[in-house]
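Protein chains in written order, with the working numbering: chain W, 1 to 470; chain F, 1 to 333.
Take the hints with a grain of salt, since some may be wrong.
Unchecked claim - Here are some of the chain F residues that sit facing chain W, going by a computed Cβ distance under 8 Å:
#1 Gly66
#2 Leu70
#3 Ala93
#4 Tyr113
As the list claims (entries may be wrong) - So these bits of chain W aren't anywhere near chain F, every CB distance computed over 12 Å:
#5 Thr154
#6 Ile293
#7 Ala317
#8 Thr414
To be verified - Some chain F residues judged to face chain W by a derived CB distance under 10 Å, without partners named:
#9 Leu23
#10 Pro74
#11 Gln189
#12 Val307
Don't read these hints as lab results, they were simulated from the structure.
Model, not experiment: these values are computed from the prediction.
Even glycine gets a Cβ: it sits at the ideal position worked out from N, Cα and C.
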Amino acid sequence: MELDPLLLSRIQFAFVVSFHAIFPVFTIGLASYIAVLEGLGFKTGNQVWIRLSTFWTKVFAVVFGMGVVSGIVMSFQFGTNWSNFSQATANFLGPMLSYEVLTAFFLEAAFLGILLFGRDKVPPGMHLLSAILVAIGTLISSFWILAANSWMHTPAGTEFVDGVFIVRSWSEAIFNPSFPWRLSHMVMASFLTGGFVVAGVSAWYLLRGREVEANRKALSMCLWLLLIIAPAQAVIGDFHGLNTQEHQPVKIAAMEGNWETANRVPLLLFALPDQENQTNHFEIGIPGLASLILAHDMNGEVPGMDLVPPEEQPPVAIVFWSFRVMVGLGLLMIAFAITGLILRRGGRFAEKRWFLQGLRLMSLTPFVAVLAGWFVTEIGRAPWLVYGMMTHAEGVTPSLTGAMALFTLIGYITVYAMIFTAGVYYLMRVLHDGLEPADREHPADHPKRPLSAAHVPFEYNQDVFRPGGY
Amino acid sequence: MELFDLSLIWAFIIGFGIIMYVLMDGFDLGVGMLFPFAADEESRDVMMNSVAPVWDGNETWLVLGGAGLLAAFPLVYSILMPALYIGVFLMLAGLIFRGVAFEFRFKAHSSKYLWNWAFAGGSTVSAFTQGVVVGAYIEGFETANGVYVGGALDWLTPFTVLTGLGLVAGYCLLGATWLVLKTEGDLQQWARRLVLPLLTTILAVFVIISIWTPFVDPFVRDRWFDHITLIWVFPAFGAFCAWKIVQANRRHKDTMPFLATMGLFISTYLGLVVSKWPYVVPPDYTLWDASSAYGSQLFLLLGLLFVIPVVLGYTAWTYWVFRGKVRAGEGYH
Ligand code: HDD
Ligand code: HEM
Ligand code: HEM
């Protein structure tokens, strides 16, 4: 069998970026949550906030560490596997990525140390400021990287001269048409992730009757937050879709599973897209609803795959189903947020076991929704790398052979599987141990390293009382 | 309309970033490589603690180097990465293992030895591949029309293996002198005893490389023997640093060996830059051929001028906060 370097590079890129993505999406939300906790603690002087913040900072440290190591890999991926693409887009993407390093990564690194180890070393106000700056750093990071990514979907402000993009207007290129929606949708997704994870973990502690007061407070806070942002995400997503319809109609057609541009198109709840015959099997849909959503008129026109010849179409089935997974989970999140509101009467939200069990399971859904969303966005633009300008095939590294790509693909999968297992294992330990008792002293002399913020041994069931134990 | 030669300014900035990375990550990679040879687990704890607060920031310079190359000299980025494809992967894998080992080792009990090996192995692989990159750069890259056209393993030759070993020894020396600076007692004595053998190894590798390079690279040969007086400044300064290392180490100075080792690195680095100048992708492309658009270089430069001083300020401050000797029992537990 002939090994195709292009296909292998695509698989590799999708793998390493998806792996990386699950960490930032959590750290962005969590960083803001920690900043809020610190703020509440600073204002009210109530120890509960500080203890919650200390606990979540430990989790944050582990996830952040994994985000850093997987992120370093990302910054080399463009050159190793997509060198033609790098060469062509460097005038725009280079400054975006460099600004990310300069304005976000250094800021995060600087103030993370103080956040993790400086509670006893700097005044409380300075500690609060550090928490806020770390949160801002993660948001700045999203700003630059999503500007870069959005430009690839809706390239603006640039001119293609002799195979190279030249920037004519920085503001148009950065604030390209899909950027505002993608940034807000992604930031909301991060807050949803943070919110559902914190809610799920608090629910789990409540189920076991641990630290009831603190966890009740945490859960209550999360449920208010989710009540606002879960519906907001759906609204933003809708606008995002309308924007996509304008700029990438074929992607919308794939999301809707719609083969022919037509009026009064149904919203498909189920279908098995058949790319070869350019049709669907076993369709179940609600008549006219897709037209209503996308054209705001039951009889409005919805773009179809027939806009482009079959060889320029993205793989419909993956886009179609990923979209349904994301939206389905989004609706489920809204349902949970509203249930939480209803259960507030008489404080039942912290007692109903089925609700708490449900929240526990829900803590994994934002990760699935985020990856599904990125699959829609990224696979839906195939075969384009820079939409309408450069295809995957044109962007791939010319000297890359199938064997080389296979070697690194297997390599990355192996390396990531190992560190991911270790990381998740360790995170489970942190969660298992829970909040620290209120009166525990902190040794002040810890070095400034993320994971070492967590005073938890690596393995379960270890001889904790080892002489001179670490 | 192009008022300044921005490519030249960017060459200095990237050059500065690279040497910052080499010096800073160099000593902590070196500590990682010396790690398995330390006397006991307690010494290893101290060794790790001595670099723990700073290694993370050190590696951010690597990320800046990658992104900065893409922004200012995209051709370098898009030729070197494919040419060094397998090597880059090995370096990254080494850095990952090393990074997580750092974190997990202190939490481990029975699996501690595994993280010890991950730390040492990861550091060694990263250091070696970085040295190989230097060798591959001296040998040059096979290109046509701005793309790499060579094979997957062209970067692995006897010459590059030698430069790889050279950098491994060099980083070990940085690591050893760092330990002399940051530790005391038996551990410091042990580190002191390593200095001379390591230095001897490095000088031997230098001599071989210096004899060999004119044969692999006629451009360097011409430059060396045409500008004989100027070029000799660098080896002369290097020799002075080497002598300083030996002398300071014998007189039981704590700081000077480390500083002189940095001097040795800087002189070697500048010597290399001057030998190859202005070629950034030898043998075909100069830094002006490799530049990105003027507007892009300018756009990034404006921000950089504001941000870099802040970054440097912070870096210096971290080292200041964690100044002084690291003692057993401090730090992680
Ligand atoms: C929406 C957010 C987001 C997205 C889409 C990406 N990242 Fe990321 N990245 C972050 C948000 C982030 C972050 C929140 O800022 C991280 C997570 C953990 C951390 O240390 O910072 C980070 C870390 C991180 C690091 C390590 C930084 C360090 O050394 O401290 C690098 C080099 C990258 N990323 C590069 C990339 C590249 C090349 C991406 C695209 C393909 C990418 N990231 C997608
Ligand atoms: C962080 C969240 C992201 C996820 C989960 C993600 C996911 C994916 C997936 C699944 C593909 C494969 C599409 C296919 O091959 O059909 C892809 C392609 C791609 N994405 Fe993203 N992406 C993310 C962010 C970004 C960003 C921020 C950039 C650029 C700045 C980017 C650049 C690319 C490029 C260059 C490709 C083409 C290579 C390929 O087809 O695999 N991605 N991405
Ligand atoms: C509930 C209704 C939702 C709607 C209508 C919606 C709509 C959309 C649309 C149309 C896209 C594709 C944008 C493009 O064309 O590139 C998208 C992408 C995405 N969605 Fe959603 N979405 C919803 C919920 C969610 C939820 C709950 C999450 C995660 C928690 C999420 C995360 C994402 C992500 C990460 C992307 C890819 C990045 C981007 O392009 O913004 N979405 N969404």
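Going down the list of hints, with the structure as the test:
no., hint, result
1, Gly66, "holds, 5 Å"
2, Leu70, "holds, 4 Å"
3, Ala93, "holds, 5 Å"
4, Tyr113, "violated, 13 Å"
5, Thr154, "holds, 20 Å"
6, Ile293, "holds, 39 Å"
7, Ala317, "holds, 32 Å"
8, Thr414, "violated, 9 Å"
9, Leu23, "violated, 18 Å"
10, Pro74, "holds, 3 Å"
11, Gln189, "violated, 23 Å"
12, Val307, "holds, 4 Å"
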